[in-house]
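Residue numbers (my numbering), protein chains in the order written: chain A, 93 to 363; chain B, 93 to 363; chain C, 93 to 363; chain D, 93 to 363; chain E, 93 to 363; chain F, 93 to 363.
Note that the list lumps identical chains together, so a pair holds whenever it fits in one copy or between two copies.
Cross-link-like lysine-lysine pairs, in silico, BS3-like; alpha carbons within 27 angstroms at most:
id : residue 1 : residue 2
1  : K94       : K337
2  : K341      : K193
3  : K341      : K311
4  : K332      : K320
5  : K311      : K345
6  : K337      : K311
Just so you know, these hints were derived from the structure itself, not from any lab.
There are 6 protein chains.
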Amino acid sequence: MKKYQRILLTGAAGRLGTQLRAGLAPLTETLRLSDREEIENPSSNEEVLLCELGDYQSVLEATRDVDAIVHFGGAVYENKFETILDSNIRGSYNIYEGARKNGAFRVIYASSVHAIGYHELEAHIDADSPVRPDSLYGVSKTFVESLSRLYWDKFGIESLCLRIFSSFPEPADERMLWSWMSFDDCVQYVVRALEAPRVGHAIAFGISDNRLKVVDDSKAGHIGYVAKDNTEAFRDQIEKCAPPKDSEKTSVKFLGGWFCELGHPDDDNQS
Amino acid sequence: MKKYQRILLTGAAGRLGTQLRAGLAPLTETLRLSDREEIENPSSNEEVLLCELGDYQSVLEATRDVDAIVHFGGAVYENKFETILDSNIRGSYNIYEGARKNGAFRVIYASSVHAIGYHELEAHIDADSPVRPDSLYGVSKTFVESLSRLYWDKFGIESLCLRIFSSFPEPADERMLWSWMSFDDCVQYVVRALEAPRVGHAIAFGISDNRLKVVDDSKAGHIGYVAKDNTEAFRDQIEKCAPPKDSEKTSVKFLGGWFCELGHPDDDNQS
Amino acid sequence: MKKYQRILLTGAAGRLGTQLRAGLAPLTETLRLSDREEIENPSSNEEVLLCELGDYQSVLEATRDVDAIVHFGGAVYENKFETILDSNIRGSYNIYEGARKNGAFRVIYASSVHAIGYHELEAHIDADSPVRPDSLYGVSKTFVESLSRLYWDKFGIESLCLRIFSSFPEPADERMLWSWMSFDDCVQYVVRALEAPRVGHAIAFGISDNRLKVVDDSKAGHIGYVAKDNTEAFRDQIEKCAPPKDSEKTSVKFLGGWFCELGHPDDDNQS
Amino acid sequence: MKKYQRILLTGAAGRLGTQLRAGLAPLTETLRLSDREEIENPSSNEEVLLCELGDYQSVLEATRDVDAIVHFGGAVYENKFETILDSNIRGSYNIYEGARKNGAFRVIYASSVHAIGYHELEAHIDADSPVRPDSLYGVSKTFVESLSRLYWDKFGIESLCLRIFSSFPEPADERMLWSWMSFDDCVQYVVRALEAPRVGHAIAFGISDNRLKVVDDSKAGHIGYVAKDNTEAFRDQIEKCAPPKDSEKTSVKFLGGWFCELGHPDDDNQS
Amino acid sequence: MKKYQRILLTGAAGRLGTQLRAGLAPLTETLRLSDREEIENPSSNEEVLLCELGDYQSVLEATRDVDAIVHFGGAVYENKFETILDSNIRGSYNIYEGARKNGAFRVIYASSVHAIGYHELEAHIDADSPVRPDSLYGVSKTFVESLSRLYWDKFGIESLCLRIFSSFPEPADERMLWSWMSFDDCVQYVVRALEAPRVGHAIAFGISDNRLKVVDDSKAGHIGYVAKDNTEAFRDQIEKCAPPKDSEKTSVKFLGGWFCELGHPDDDNQS
Amino acid sequence: MKKYQRILLTGAAGRLGTQLRAGLAPLTETLRLSDREEIENPSSNEEVLLCELGDYQSVLEATRDVDAIVHFGGAVYENKFETILDSNIRGSYNIYEGARKNGAFRVIYASSVHAIGYHELEAHIDADSPVRPDSLYGVSKTFVESLSRLYWDKFGIESLCLRIFSSFPEPADERMLWSWMSFDDCVQYVVRALEAPRVGHAIAFGISDNRLKVVDDSKAGHIGYVAKDNTEAFRDQIEKCAPPKDSEKTSVKFLGGWFCELGHPDDDNQS
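Take the sequences, apply the hints, and build the full model.
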């Protein structure tokens with residue numbers, strides 16, 4: 093018998109959502125996939141549904157009869173405030189309300205490095221360091237981290253807020269040499285958090301075992317993640333193409349990288 | 093010549109807003125008052141306007157030509173999520189956007205003890221301790237604290253986030269013997285933050301000089317607040333009426349008091 | 093009506109016990125006094141009993157029908173181990189068992205600077221610093237601090253462990269210029285701990301408002317102690333008689349003073 | 093020539109004592125074994141003696157002519173207070189007195205997770221975190237940790253207090269998947285502490301290299317322990333049998349596990 | 093009889109040195125004054141000598157037969173490196189060598205805010221925070237702080253390194269509203285450090301009791317300094333003349349003020 | 093194309109300088125070698141020059157047209173103060189001035205364990221712990237660490253201050269079993285610091301992956317050093333010859349080892 097009867101995966105059509113489908117399968121009798129876009133070719137243990145996270149009733153449906161939620165849906169880049177507000181803030185609120193109403197006991201949330209993007213590399217922060225978002229997107233991540241703390245303290249719903257750094261097929265630039273998280277490692281972290289006997293409310297840094305270490309993830313040691321991958325194989329190729337370095341550049345200095353250099357997303361249409 | 097040309101005070105018709113009108117007068121040539129409700133009897137240096145914080149254009153107007161904003165508007169108790177979302181989240185976003193677009197350089201924000209309400213009294217937290225909201229209201233306060241950090245790191249707008257504990261005419265129960273902040277002390281804190289040569293981004297605890305000390309406000313020492321009032325004059329009267337104590341009761345154990353015992357505000361209409 | 097129906101004061105015939113009788117009277121309908129020595133002239137609201145702390149049945153009797161215990165009994169200086177074991181270790185265990193069996197909900201315990209006597213003055217420790225006892229007496233104090241933590245975590249009995257520095261009628265030597273606690277301040281601390289709405293498990297430093305500050309008592313701020321006395325009036329007289337200073341002397345260097353210079357108390361009779 | 097002339101091992105007939113006999117042999121010319129029970133088949137470099145730890149003269153004999161003591165004797169589970177008092181408190185005092193009188197310079201003490209059992213997993217404590225015993229047994233462990241600090245600060249006797257988590261032949265339940273310490277790792281830690289050029293007074297966490305990390309042992313890095321074993325080989329079998337998880341259960345939430353759920357050991361015979 | 097037989101005061105002709113002459117008189121039978129400039133009108137208990145700090149033999153003479161040294165000599169502003177090197181680095185080395193050779197047991201050193209000038213106001217540092225000098229002058233201050241630590245750890249000579257912020261007759265600009273130290277308070281701090289039974293090696297922040305608090309001086313609590321003065325009486329006058337504030341200006345942002353804006357002192361003559 | 097056009101290596105004829113020549117070659121088009129002694133057999137990509145670090149003009153020449161400096165020159169043991177002053181203090185100042193004048197953007201500096209030699213092993217310090225030099229040599233290392241911080245904060249020149257513990261061909265005594273850094277690991281650390289996208293101002297501990305861990309190097313994790321060597325292969329041989337241990341000996345107790353036992357280097361010629 094598997095550990096979970098039914099897990100809901102939001103953002104199942106996305107880059108990481110797609111990876112998680114295979115990884116979650118061994119843990120749950122049924123894996124319910126939701127996204128605002130069509131999900132193709134569900135396997136026999138997968139249920140599929142279209143769901144706008146900003147729509148409460150729809151999310152209430154999506155969370156029915158689930159034990160746990162892997163919440164990777166919502167806007168994944170910097171965006172206009174109203175988009176962030178609807179997809180990430182209202183959307184995540186709906187997810188937590190769904191969990192509470194329907195009795196799910198654990199949520200794994202795709203938070204982001206952008207929740208703490210304005211810390212310098214040399215700060216070597218850990219999970220208790222104050223938030224320093226680098227974008228409206230990052231602010232929305234801190235909102236959900238805070239909201240999930242309330243749902244733990246008051247309603248007993250556990251959460252792992254996994255601050256994913258840069259999860260792509262391969263590291264693409266010099267910053268990713270330290271910030272990259274392989275898909276396998278990302279899936280592993282989520283799986284570990286679903287398997288752990290106790291999560292409580294934890295904030296973790298999602299990053300592979302890269303040679304440069306810029307943050308301290310020991311406060312999530314009870315989840316049991318052990319990174320398997322690293323970026324060394326990509327180093328030579330990337331360094332060859334790296335632009336001349338300037339360690340005082342905003343995008344080099346801060347954890348959030350180029351997000352720290354973005355202007356305001358609403359400047360196009362509201363001036 | 094006064095320090096400020098024009099300060100905007102939001103929530104000017106509210107309990108604390110009313111107190112602030114007199115306190116802010118010496119600091120600014122013009123004090124602009126905004127609220128969703130009518131404000132009566134403006135003095136000669138006051139401008140009055142009706143403004144829904146959730147309405148972007150309206151807030152953009154309200155923030156025009158102001159140097160600083162004292163942002164005390166928005167929902168002041170626990171409330172349905174959509175109310176919190178509109179008044180406190182979207183509303184405060186609009187305020188910060190107004191500051192950015194219109195060149196205000198400093199915001200004093202009425203945050204709340206409810207941003208950290210689930211810390212125990214014995215924890216003796218300071219401003220760097222992780223947030224632990226005790227309500228959706230408290231979550232919205234942590235949202236603005238996070239948002240204001242972004243506006244400081246990226247756009248150079250200073251903020252004091254003043255976590256007001258219990259600001260009422262008089263302390264009303266045993267908890268307020270330690271959590272009370274007199275109106276005068278509240279006004280003083282805001283004034284100090286407007287006078288200080290540098291605020292940066294600071295989080296402060298708004299509380300009078302009560303005998304019981306439950307938090308450490310030293311991280312805001314550069315604001316220069318020195319509490320003048322305390323609750324000793326009210327002690328005997330209150331202790332006489334105090335119910336039998338139970339130090340393990342949720343409302344006694346945690347900083348947030350009875351907010352920690354509130355159920356979910358959406359339970360009435362969405363089941 | 094007074095806050096407590098009945099408080100038990102152990103060590104009531106001792107130096108501090110005698111002081112506490114007057115101080116506790118306003119808080120309790122009945123004050124039960126216990127000691128191994130006769131207590132003379134009980135007032136009308138005082139009950140008196142002879143009690144060896146090391147005798148379980150006797151302590152069980154002494155703690156019957158009490159709401160709170162002010163535990164100042166036991167050996168008060170360095171002593172043979174078997175004396176310490178019986179009076180302070182078994183004796184305090186009996187007190188906590190009495191509290192548990194008889195439903196007392198709060199204990200104020202006379203711990204001591206000698207629980208942390210081997211910290212240097214410059215360390216400026218607080219209540220969370222590791223223990224460093226300077227004597228078997230000090231070890232017994234750390235035992236009770238640990239035991240009382242268990243009774244809080246498992247059985248819900250609150251404790252204030254008050255690490256009294258030097259509580260005498262007057263400061264008697266140069267060290268006491270910083271370590272002295274006046275009798276009034278000592279009584280005040282106990283009274284505050286009985287009045288506080290919540291104590292939880294707290295460790296506090298019992299010391300007057302002397303000019304030299306060697307420890308940080310902020311972790312007990314929720315008790316509400318505000319020292320009223322200090323040693324300045326005694327300074328000139330004491331400094332005149334002070335021996336030539338030697339800041340590397342063990343008794344000057346460490347918080348515990350001359351206790352750190354004591355040999356082993358069992359060396360006389362067991363070699 | 094071996095490092096030690098003679099090491100005393102107490103509790104030599106016990107579960108861990110038996111394991112240590114082989115491990116200590118290479119370090120010492122003579123290994124003296126003591127227990128309250130018969131020890132069979134001593135090897136040629138072993139001396140055997142019967143010894144009640146609570147008997148001072150007997151311990152004084154046992155510690156004669158030893159350089160170091162591996163103190164694993166005493167009650168190993170929760171027990172009546174008088175048993176704990178005699179075996180663990182008086183018994184360990186006798187051991188330290190024996191060390192002092194007879195010139196042993198180092199003690200390796202079998203402390204326990206139960207000294208800090210009431211910390212939550214998510215607290216990720218280290219050796220400087222305050223004690224939070226979960227049982228009278230745990231309180232006795234904190235007593236010896238404190239006593240041994242005195243013997244270091246005042247008498248120059250070094251101690252490693254090794255807080256053993258769960259040292260059994262195999263992990264037996266889901267908690268042990270993170271708390272297990274293999275016999276080999278336990279022996280290794282003791283051996284390292286005997287080999288280290290300097291121990292001072294150190295507190296360490298005895299745990300294997302399990303995937304879930306709940307505590308930080310870096311403060312004992314100067315001992316040089318490197319865990320060799322882990323529980324992964326046992327995971328599948330144990331998880332198959334694991335009861336439905338409930339992460340808010342006392343025994344899951346706290347480091348001490350089911351010890352936190354034990355009632356009071358004296359409740360049977362003293363009511 | 094006075095506490096000291098002879099105290100050496102270096103920099104006795106300087107701004108603070110002049111103030112200290114009166115303050116030190118009650119503490120010492122003889123006060124030896126040294127400076128590179130003439131000192132006029134010595135009182136009967138004062139000895140006067142001309143001394144270049146950079147000259148070893150001369151300093152060896154100056155320190156003969158002194159119990160303590162109040163070392164306020166050397167360059168007091170930013171300066172060419174060779175000047176800093178000779179006056180402050182070699183000069184202070186000579187002072188410590190003089191203390192060691194001649195048996196002085198305590199040194200009070202005029203360190204400076206410029207040893208930590210590149211910390212932000214909001215950092216609220218204490219004495220253990222890493223150094224961040226804002227000038228070559230500041231670097232020389234950190235050199236002496238480090239050197240004095242060596243002389244304590246290895247040679248048992250105590251030091252108070254007093255990081256004076258802004259000690260002038262009156263506060264002169266808006267920064268000094270928080271950084272000012274009155275002459276009386278400065279003298280008081282030195283006197284307290286000479287009277288304290290134990291100084292060890294301490295680093296302290298020299299600042300009056302101004303309303304804005306930017307650093308935490310609790311690590312020097314064992315010295316017993318209690319600031320008596322503050323800048324409130326000067327506030328109105330200064331704020332009236334204050335330039336428009338810009339909280340992101342280097343000189344407003346950092347503790348070191350305009351020192352942080354200084355160019356390199358050697359740029360004039362070595363390009 | 094290589095990462096650097098030209099790197100200057102000072103102390104190139106020394107023990108570690110010799111090792112670094114091969115290691116730096118792949119990073120730079122030209123490696124400039126400087127020392128006060130002749131350097132033999134330069135390879136085709138090496139430039140050689142004689143240079144006294146204490147001579148400003150000479151250093152200004154040596155630093156011309158370099159991008160980075162690996163500064164391993166200067167006195168390498170305890171020495172007379174004037175030697176330390178000239179070689180290490182003035183010499184390193186000259187290096188930083190050369191970097192500033194000539195536009196080098198990064199310096200790797202050979203700091204030393206002797207900058208923090210008076211911390212106890214059990215303190216397990218990290219890079220933010222206060223300095224505690226054990227010698228004049230150590231004081232000069234703290235001077236450069238402080239100076240380099242100024243050059244970062246004010247002039248934007250990055251530095252890694254690498255506190256090398258014991259870098260020799262082989263570990264030579266029991267202390268080196270934990271303090272040893274292999275030549276390969278030393279070279280690796282320097283190389284990593286030259287390759288890292290951002291160094292900022294970092295302080296690191298140079299030590300191999302030895303079994304005993306006495307310090308915490310995580311604050312330099314962004315450099316990417318991963319020790320490859322350790323001392324286990326040398327253990328048996330060394331322990332066989334180790335003198336009887338005495339863990340309270342100064343040279344065993346403190347990080348600095350026998351440097352802490354050295355007398356004052358000027359005692360021979362200045363008494």
